[in-house]
Every structure is written in C-alpha cells, then in structure tokens.
Amino acid sequence: MENQMKAVISHSAGTHSQKDRHFTTNRKKIIQRVRWNNFFRRLFSLSTVFAIGALVILLFQVWTDSVGWLNPGFLTRNLSIFPEKAGIYGAILGTVYLMLVVIPVTILLGVATAIYLEEYAQKGSIASFIRTNITNLASVPSVIFGLLGLAVFGRLLNLGSSILAGGLTLSLLVLPIVVVAAQEALRAVPGFLREGSYAMGASKWTTIWRVVLPVALPGILTGGILAVSRAIGETAPLVVLGIPTLIMRIPKSLSDDFTALPIQIYYWTLDTVLTKEYANLAAATIVVLLIVLFMMNSVAIVIRNKYQRRF
Amino acid sequence: MTIETKDKGIVYDVKGLNLWYGQDQALRDINMQIYKNQVTAVIGPSGCGKSTFVKTLNRMVENIPIVRIGGEILYHGENIFDKSVMVEELRTKVGMVFQKPNPFPKTIYENVLYGPKIHGIRDKKVHMEILETSLKAAALWDEVKDRLGDNAYGLSGGQQQRLCIARALAVQPEVILMDEPTSALDPIATQKIEDLINQLKENYSIIIVTHSMQQAGRISDKTAFFLMGELIEYDDTSKIFSNPAKKQTEDYITGRFG
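Chains as they are written, first to last, in my numbering: chain A, 1 to 311; chain B, 1001 to 1258.
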C-alpha cells in the first residue's frame, strides 16, 4: 500500500519535470500582492467608518439639541409662537393624512403599472422604452415633481395647497420606485409556477391574482414601505406647493391646508435667526421623523427576510 | 368523421403538424393518432422536439412568443387551433405534469383544490371529496392526510410530483401529459410514479415524454420515436423495442447514439 502511494507520488511528480515547467512562482511578487490586498482592505474599511461616523455625529448632534424639548407634550400640543408651548401635533396629523393619500394611490397605480408592463405588455421596443423611462423618472429631482404638482394639482385642478394636492404630488414622486420594485418582485416569480397554473386551465388574470401576486407580495410590500418612507421625508415638493408657514388649525379633511413633519423642520430651521429655541424644536422634530423612518425601514427589512422564498 | 374517431378510441389525431421557433423548425410534418386509455411514450435524443410536441397538445407551447404552428391537431375530432377553441377549456380536459415538480407555494389542500376553485366549485363538501379522491388516485393520501394544511414545499421531491399529479387529476381531465416527470426524482420515487401511471391509464389517456428507454419499455403501450423534429417511428412499444422497422430507431434504442 505504502509502496503504491510512493509510486503514485513519484509518478505525479515525474509528469512535470522541473525542466519543462513554464510556470514559476515569484515570492517577491506574491508578497507585493498580499501588501496591496492589505492596503485596499484598510482603505475600504476606512470608507465604511467614515460613513458610519458621519451618521453618528449627525444623530448625536440632533439628539443633544432635542434633549429637554422632546416630551409627550411636544407631541400632543399644536404650534405656538412661544417655543415652550409649541408642539407638532398638527404636523404629525398632516403627515398621517398625507400617507392616507400616498399609500393607496402609489400601491394601486404602481402595482397595476408593474403588472401591465411585466405580464401583459408585448416585449417590444415601446414597452422597453416605457420601462427605461420609468427608471429615469425615479431619478428626477423632487423639486421638479413639486413644480408639476403645483401646475397640475395646485393650479389646474384647483386643489391649492391642500392635503390632497400634497399627497398626489408625493405619490407621483415615489410612484416610479414602487413600479420598479413591483416589477422586480413580479419578475422574480419563477416561470414554472405560472406554467403550473396555465396548465390547469387558468387564465392569465387568475394566474396573476392567485399565484404570481401572493408570491411577489413581500417584495412589493418592501418596495412600497421604502417608497412611503421616502415620501414622508420629502420637503422640497411640499415647499414648492406653497404649504403655509404657520398653521394653527388642525386639518380635518383632505381638502384642508396642512403642515407636515419635514416642512415643520424646514421652517423652524429657517426661523432660528429670529428665535434661537426654534433650533431645539427642529431637532426634536427631526428625532421624531427619524424614529418613524427607521421603524418603517426595519419593518421592510423584516418582511423581506421573513418571506424570502426559495424554490 | 367525429363519431368514427370516437369509436376507434382516438383521442388525438395529429395531421401535418409543423412548428417553428422563429426561424428554426422544431417539428416537421408530424402525423400520428393517440389512443384512449393507453400510455403513449415519446422518446428521442435531447432537442428532438419531443417536449415541444407534447406541449403543443395542450397549446402550452404558445406561451413562447416566437412560436409559429402549421397543420392541425384534432382532439376528439375538433381542431385545437380553431378560433372557437379556448385554451383554458382545452387545458382543463388535458392536464399536464412537468419535469420539475412545481407545486404552488401554498398548502397541500390549496394545491389540489386550485383547479376546482378557479373553475368555480365553491362547495366545501365537494372540495373535501375532490381532495380525497385526487390524493388517493395519486397514491399520496396516506402520506399527507394528517398534514393537508402544511406547505407543499415541505414534501419530498417525489411527493411533490405526486401532488402535482393529484392537482392535475382534481379537474378530472381526460388526458394527462407528462414531460419527463421522473427526471428530477430518485429511483424509489420514480418507481412510485411509474406504478401510479400504470393505475391511472384505466381512467386516463397518458402521453409521457421520457429520456429513459427503459422507462418507456416498462410503462407504455405505444412508443413514438422522434429525431430532429421528425416522427421516425410510431408503433406498439413491444414492436419498437424488439423489432423496430427503421434503422435510426434501432440505433437509438440499442444505445448507438443519443
């Protein structure tokens, strides 16, 4: 047995005699490569540290500014010109109302568009032109959507600076995100599930409704939540729409004027030159907004991880 | 004409069938008759058009956009490509089982009742009847009766494939098309599916694509040998495997190529 092994080893060594080896290792070069590797590893980890560091500094600063100002009363009181009495109840309600418009509009329109593009549209040049441009829309600056909203919803449809006008504008802004996310979720549904359904005599719509959508739902929801959280944080389109600076009235219906969390932050920050304490109020509002956004993003991540299917 | 073919027990009468994927012709002038309550095996090397042929029988092949079809396929005397024929209706009469088990990511219960539900059966009592008879017919009932609410993807590959057969049976088709149903399964699961096919042919006409000639020999009554998109030979399985008429058939079944 041992002899055999030796024979095998010597044989394999013999097949490549030192003479006809054209491949030689150069120790120096290998050491150099290992050094480069270490250099890049440090460089990249430094970039990560930089990103996280910036976030930490930002959060720390905001947090220290808000300490003492962020209390239950702050959440339940309405606006006031006296900083000690001011609260963001109206802004919270405004944001909630906005979402009542944005969520149904984007989910319905976005998913419907995605279903059409992915499942029904002929795979031709027109469809791919539309697809490309939806992706392009996702990168249009939000100010421009604000101008569109002002022209169409504010002026043309005469909705002014109401919740409806703001909600519809934000819906347009995040619609491309939902469409793209839903398209990806639909595309990820394996073809053999569709085939299984068609082979049972199911129509296209039955197949979409009963097989494709349930499988794609987690992906669609994840995209939807991320889009909505983007809409919650948007300021520019609302500023362009002309949301009033100081609203003392709590909005009661979708046609009322309103203020929202990011708008409140924006105006308080602007007015810091007049009243120093507004900076603290802005910081406290930022903390509230960030907590809401972090929570929504966490929910999106949980959904994505929990329902990720493998076939 | 219609009555005549019914008397002979002919399910499918394929006449001059040609099929192209874009510019490539996949099926060339196929003529054959498929009989009732028999197992018809379709064999041939990879790329010979056997899968395409079977998928044409329930028009699943048309889901590929570039497909063009010529000729006709009479199903009980009616051309399935006729404008009056709805694919949804054809596919309830002609069920299909795929190469890779493809249950829906739903419960076992929901999988079997998918067909009955989409075709409008709502009665819970009928549901339970269909569930039991279909799973029993697919020889799966005993293994799953205590966990009908479990997700189908918790089953083994062989069980999943039998679930897919049960799902196909639940809409009471007349024909079952099987596209290499055991190629993703181990020998024991394969054995079970083959036994099942033997039992099912009493009530159904089965057309099965297989890359295994042994399997064709074991389970089929008739065998069709395809090569390069042409139907080379079609006869009783015993004849094909003992005394084939064509040289190409003999070369293939004796393992000289393919």
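Bear in mind the hints are in silico, worked out from the structure with no lab data behind them. Fair warning: this is a prediction, and the values are worked out from it, not measured in the lab. No residue lacks a Cβ here, since even glycine has one placed at the ideal position from N, Cα and C. Misleading hints may appear alongside valid ones.
Taking lysine to aspartate or glutamate pairs in the DMTMM-like style, the calculated list, with each CA pair at most 25 angstroms apart, reads [to be verified]:
| id | chain 1 | residue 1 | chain 2 | residue 2 |
| --- | --- | --- | --- | --- |
| 1 | A | LYS306 | B | ASP1150 |
| 2 | A | LYS204 | B | GLU1088 |
| 3 | B | LYS1117 | A | GLU184 |
| 4 | A | LYS204 | B | GLU1174 |
| 5 | B | LYS1106 | A | GLU184 |
| 6 | A | LYS306 | B | GLU1078 |
| 7 | B | LYS1192 | B | ASP1150 |
| 8 | B | LYS1100 | A | GLU119 |
| 9 | A | LYS204 | B | GLU1078 |
| 10 | A | LYS204 | B | GLU1110 |
| 11 | B | LYS1247 | B | GLU1078 |
| 12 | A | LYS204 | B | GLU1062 |
| 13 | B | LYS1106 | B | GLU1078 |
| 14 | B | LYS1106 | A | ASP271 |
| 15 | B | LYS1093 | A | GLU195 |
Restraint ranges, calculated between C-beta atoms of paired labels, are given here [unchecked claim]:
| id | chain 1 | residue 1 | chain 2 | residue 2 | range |
| --- | --- | --- | --- | --- | --- |
| 16 | A | GLY191 | B | SER1084 | 22 to 32 angstroms |
| 17 | B | ASP1024 | A | VAL34 | 43 to 53 angstroms |
| 18 | B | ASN1063 | A | VAL140 | 43 to 53 angstroms |
| 19 | A | ARG35 | B | GLY1149 | 53 to 63 angstroms |
| 20 | B | GLY1149 | A | PHE40 | 46 to 56 angstroms |
Covered by chain B, per the in silico footprint, the following chain A stretches (three or more residues, Cβ under 8 angstroms) [claimed, not checked]:
| id | segment |
| --- | --- |
| 21 | 192-200 |
| 22 | 205-219 |
**OP:** Quickly compare the C-alpha distance for B/LYS1100 and A/GLU119 to 25 angstroms and report which way the hint goes.
**Re:** Holds, at roughly 23 angstroms.
**OP:** Could you see if the CB distance from A/GLY191 to B/SER1084 stays within 22 to 32 angstroms?
**Re:** holds, 29 angstroms
Subject >> Hint consistency between A/LYS204 and B/GLU1088 [alpha-carbon to alpha-carbon, up to 25 angstroms] >> reply: holds, 10 angstroms
Original post:
Going straight from one Cα to the other, do A/LYS204 and B/GLU1062 come out at no more than 25 angstroms?
Top reply: holds, 13 angstroms
**OP:** Just tell me: holds or violated, for the beta carbon distance of B/ASN1063 and A/VAL140 against 43 to 53 angstroms?
**Re:** violated, 36 angstroms
Subject >> Hinted pair A/LYS204 and B/GLU1078, Cα distance within 25 angstroms >> reply: At roughly 24 angstroms apart (the allowed maximum being 25 angstroms), B/GLU1078 and A/LYS204 satisfy the hint.
**OP:** Take a quick look at whether B/LYS1247 and B/GLU1078 sit within 25 angstroms of each other, Cα to Cα.
**Re:** This hinted pair is violated, its Cα atoms lying about 35 angstroms apart.
Subject >> B/GLY1149 paired with A/PHE40, Cβ distance criterion 46 to 56 angstroms >> reply: holds, 52 angstroms
Original post:
Holds or violated: are the alpha carbons of B/LYS1106 and A/GLU184 at most 25 angstroms from each other?
Top reply: The given pair, whose Cα atoms are some 21 angstroms apart, holds under the 25 angstroms limit.
Original post:
Straight-line Cα separation of A/LYS306 and B/ASP1150 no greater than 25 angstroms?
Top reply: Holds, at roughly 17 angstroms.
Original post:
Within a Cα-Cα threshold of 25 angstroms, do B/LYS1192 and B/ASP1150 meet the stated pairing?
Top reply: Judged against 25 angstroms, a Cα distance of about 22 angstroms means the pair holds.
Original post:
Given the hint that A/LYS306 pairs with B/GLU1078, does the C-alpha gap stay at or below 25 angstroms?
Top reply: violated, 49 angstroms
Of the numbered hints stated above, those contradicted by the structure are hints 3, 6, 11, 13, 14 and 18, listed in ascending order.
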